Amino acid sequence: MAAKTTSDPTVRPAPHPTDLTAAFWAATTEGRFLIQRCTRCNAAIFYPRVNCTECGSTELVDEDASGRGTVYTFTVARRPTHRAWAETGPYVIAIVELAEGPHVTTNIVECDPDDVRIGMPVEVCFAPEADGVALPLFRPTG
Amino acid sequence: MAMRGRGAVVGVGELKPTRETPGETTLSLMAKAGLAAIDDAGLSFSDIDGMVCHPIGGVSMLTPSTVSELMGLKLNFAEVVDLGGATGAGMIWRAVAAIEAGMCQAVVCITGSSRRPRTPRAGGAKTAGGWSMPDRSAFSEFEVPYGNVGANVGYAMIANRYLHEYGATPEQLAKVAVHQRDNANQNPDAIFYGQPITVDDVLSSPMIADPLHMLEIVMPAGGAAALVVVGPELAQKLPNRPAWLLGAGEQVTHKTITYAPSLTDTAIQASARRAFDQAGVNPAQIGLASVYDCYTITVLLTLEDSGFTPKGTGGRFIEEHDMRWNGDFPVNTHGGQLSFGQPGIAGGMSHVTEAVRQIQGRAGARQVPDLELAFVNGNGGILSEQVSLIFGTER
Ligand SMILES: [Zn+2]
Chain A
80 MAAKTTSDPT VRPAPHPTDL TAAFWAATTE GRFLIQRCTR CNAAIFYPRV NCTECGSTEL
140 VDEDASGRGT VYTFTVARRP THRAWAETGP YVIAIVELAE GPHVTTNIVE CDPDDVRIGM
200 PVEVCFAPEA DGVALPLFRP TG
Chain B
172 MAMRGRGAVV GVGELKPTRE TPGETTLSLM AKAGLAAIDD AGLSFSDIDG MVCHPIGGVS
232 MLTPSTVSEL MGLKLNFAEV VDLGGATGAG MIWRAVAAIE AGMCQAVVCI TGSSRRPRTP
292 RAGGAKTAGG WSMPDRSAFS EFEVPYGNVG ANVGYAMIAN RYLHEYGATP EQLAKVAVHQ
352 RDNANQNPDA IFYGQPITVD DVLSSPMIAD PLHMLEIVMP AGGAAALVVV GPELAQKLPN
412 RPAWLLGAGE QVTHKTITYA PSLTDTAIQA SARRAFDQAG VNPAQIGLAS VYDCYTITVL
472 LTLEDSGFTP KGTGGRFIEE HDMRWNGDFP VNTHGGQLSF GQPGIAGGMS HVTEAVRQIQ
532 GRAGARQVPD LELAFVNGNG GILSEQVSLI FGTER
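Taken in sequence, the protein lines are chains A and B. Okay, so the first sequence: first residue is 80 according to this note's numbering, each after it adds one. Okay, so the second sequence: first residue is 172 according to this note's numbering, each after it adds one.
None of these hints come from the bench; they were simulated from the model. Treat the numbers as computed from the prediction; the structure is a model and nothing was measured. Just to be clear, a hint being listed does not mean it is correct.
As the list claims (entries may be wrong) - So these bits of chain B aren't anywhere near chain A, every CB distance computed over 10 Å:
#1 E191
#2 A207
#3 I368
#4 K408
#5 F488
Claimed, not checked - Per the computed footprint, the stretches of chain B lying under chain A, defined by three or more beta-carbons under 8 Å from a beta-carbon of chain A, are:
#6 310 to 324
#7 369 to 379
#8 419 to 430
We put the beta carbon where it would ideally sit given N, CA and C, even for glycine.
Excised from the complex, chain B in its bound form (with noise of 0.2 Å):
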């Protein structure tokens, strides 16, 4: 019971995903949406005395203290999180943990990209393995040169060795995006409110990698969020409802899916085993499911890992359940990253601002009604960094 009832979520500012974000750069961005969050928890700037962020590219280091001059911070405490899509996640339980150990009151957790238009065909596979430089990641010289560069095709080798161990339908993996559509035409933030879209549309849009078709795949974005968290005491004193964290757990085995010790059983399976320990509560009593959604397929893995449905029925799980945010089992409420978009880093982080809002009750039109626990999953790499979350409306 590590973790439970010991901080809770009570800011959350996050910014629209946009295509393109012209005029801002990453620390921009990442300075509005700290803002934001601190001005919606009720604090004031001279109350934060924590900053969570992640690697930024052209930071090549010393990360925290150049956010921290960007937006006049005085930290106790000053960290760096960098497990990819699981980052948002894994920013929450450090948070709660340096509440606990008496290093600081109110932590920010901030996320987020800038992004520009891409050149066409540049692609990053030519620096991709970094190997220029002395000590680099085997990805270099054992990935790289095959052309497996990108996540795409590392998902897609994941679908298929699932397919094979287990099988699902094309229907039921489309699905999972055609729900999350219908959840983001609820969220006005969502990059893709107004457009809905149907099975038949998923699966006639281009295969990009087999099995996986272009609506089943993430869309970047540009954009930010931050959350901010505080301890039991002071949560109880500001305007929010506290989004309590109840339990968390976290799991790394390896960066690339080459070497992962499986392909279809997945490190979630013990970072939401510890959550739900942490947390003292079940999957059948969790009433959202707000988890990394990179691909349709890492949608119905993480469903089965996280033990909301057993091993190899993924597939008709789906199938039974209706995954909108008025159906009997919402799943990514806020549209996803498929239909939300992913800015960066703040897309992982998305899945854990929706599953606070809906926790407060401040989700609008999407409001999963009487919802008492949320289940969040992040996830980094090719299923390589997993950090699961529950928060509750008690403590």
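Next comes chain A alone, as it looks inside the complex (with noise of 0.2 Å):
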């Protein structure tokens, strides 16, 4: 049976590295979540970006985030955003903040989405993609 890809419906659409992203999506096959440190202003970046958001530097250094956050605000999709989760049943949708202060889009899993509170501590972990890439998720921490 042949591998399941993206141009299957019931797959999430994976990402599709650009040369911006290509180093954050090679760290995620390693298990590693990067972000970017302004050595300018000391801002931490999150996505790959050309230039701090903060002070405008392009000196951006890639550094290795602690995986460890907190949910900053969520929602349960009782209705399916997209086909891929048709028949899953409800799913979280959050937006996780970085202990090193970016926020970050998700899934929370490894939880019953009624579970799932605001301040909540959560921890990354990888799922691994079909198109060679590791997509990066939040589960509570153990």
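Work from the hints to combine the two standalone chains into their complex.
What follows is the structure, encoded as structure tokens:
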């Protein structure tokens, strides 16, 4: 049986890296979540940018994030927002505030959707995708 | 005082929203609304020398010339505005600015959208990020894979964060939908005309994305709306009472809500402040708030961030005020998009057309008595693009 690809409607649409984001997605396959750090003003930045969104400096360096954060806000999608979730039942779409500061969109997994709360501590985990990347998801901190 | 009295809206053309628009294209609907607005202004076709439109699916570029060619307009000023739900409001101040700069004398601002039956479960998400294109929004990589597609989940996350920080009751939010439906019942052009609802109806409608119920979510439709903007000299010669633009403000900070500076202190604060400063008036003087209402939470946040009530008090403000056309604080007297319908970009424009009609004294059964000043807010994306306008009866 052929491996599932993102043209299969039951598979979530995978990210397709650009030149700007290639390093971020490559790191996900090693279980690492990269952010950028501004060497001028020390701002932490996600997703990968050309310049610091706080001070405009282009002197940004990649840094391994802790992978820990808290749920900043979330919703339980009771109706599928994409056909990949058509048969899954309700699922949680959330914005997680990383310990380093940036906000990241994700799904909260390994948790009943009705148990998710704002402020809940979470940690990153990675779901391998068909297209050579791993998708960062978050689960309650054990 | 940059904008005050430099131009006015003098003509309105708006098609009744419908669930589907068989036999029509977006371009044909836009042409019809544009012609209706020109006619309503008391102008002839050849008087129009400026046109503002918005991006149209299937017209990848050269959009203004596509519309001018279709309609036969000869333009000194041809512009496209791409601010989502704030597009209609954004068109108006740009038209006034172009007239003030001496580029043209009469500008038609046109919005519209055709609508075909949707195939079940097709969704827009497969191509939502446009990932086959070499340059694309980060949305395709960092939102779409998580199902953060469409507006419902974004506004649901905003609402949950607001409820966490400040609190509001489900009944307070539902009242927005109920009073706007009461307003729609005075507007035969509203898609939900003649279908009153109660707070219980709203709260017992299905939960779509927590905490948003179905009746707190705008319904897509087809339709079109256009307005004619002219300068002071011409405005005073035309048959309709001018709806003078007194102030305008605009603020854009992000596309995806994940990267917004705040989920609860919105860009509306900056756009509204500039509009009020330019107009030289304050929120207490406003007699009509015609504000973007894709969701009930959008209205609550807009009322706070425009300065009608302090941050955190929106729920109580809604509870304490009557938002109907004959109430003490009229909001979205046409029914809002929640009850008028959302014909694409023309949905955002409907807040402008309603404010103009009310200022002109042409709102019929839902006319706000003795109205002198109206506030409009257009909101694009997920609280992404904001344009605020203030209209008055006096220059
Ligand atoms: Zn910096």
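Comparing the hints with the structure gives:
no. : hint       : in the structure
1   : E191       : holds (21 Å)
2   : A207       : holds (37 Å)
3   : I368       : holds (20 Å)
4   : K408       : holds (49 Å)
5   : F488       : holds (22 Å)
6   : 310 to 324 : holds (count 13)
7   : 369 to 379 : holds (count 3)
8   : 419 to 430 : holds (count 4)
This entry satisfies every hint, going by the numbered hints stated previously.
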